[in-house]
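Novice: All the letters of the sequence shown, read from the start, carry residue numbers 1 to 160 under the numbering used here.
Please note that the accuracy of each hint is not assured.
[Unchecked claim] In silico EDC-like links for lysine to aspartate or glutamate, alpha-carbon gap of 16 Å or less:
id, residue 1, residue 2
1, K53, D121
2, K53, D124
3, K53, E126
These are calculated hints, taken from the structure and not from any lab test.
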Amino acid sequence: MDIRDYRRALGSFPTGVTIVTAFDTDHQPWGLTANSFTSVSLEPRVISVCIAKSGRVFPTLSGSNHFAVNILSADQQMLALHFASDVENRFTDTDWTTGHAAPILPGASAHLDCEVHGRMDAGDHEILLGRVTSYTHTPVPPLVYCRGSFFGVSQPEALG
């Protein structure tokens with residue numbers, strides 16, 4: 001199976017864009033762009049995000065009991081690219097605040113503060129499950145990623 005072609009097939013599925021953040025043992029902020037995020041359970045409130053084991057942020061996330069998911073807004077494409085880059089310290093010159101236990105990025109469509117609920121091995125990734133302890137959200141449209149491109153969406157109409 002051609003891995004690049006397989007990635008193109010997976011890229012046909014539009015996803016939201018998040019930045020997952022945590023503090024290391026020295027209370028320094030770390031974060032990465034992730035689009036492999038989903039709601040798992042409403043009761044208890046559990047979400048999942050997949051983290052590459054080869055990434056620079058993996059040691060911090062694998063050693064932390066808390067993390068945050070910042071669901072990016074349509075105008076945060078540059079922030080998504082910045083946190084996906086090889087920049088040594090992604091928080092240098094980046095506005096952020098401390099949530100309940102992890103860094104929060106202002107302007108996002110939503111923020112989810114999480115305690116680690118579990119971890120599962122998934123090949124070259126780890127599935128990180130988080131129990132949501134607090135959250136905020138705004139009516140700002142989210143950032144979406146599909147087939148290698150970012151785009152914003154207008155506010156969707158409610159179903160039902």
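Novice: Check the structure against each numbered hint from earlier and tell me which ones fail, lowest number first.
Specialist: The structure conflicts with no hint, since it agrees with every one listed earlier.
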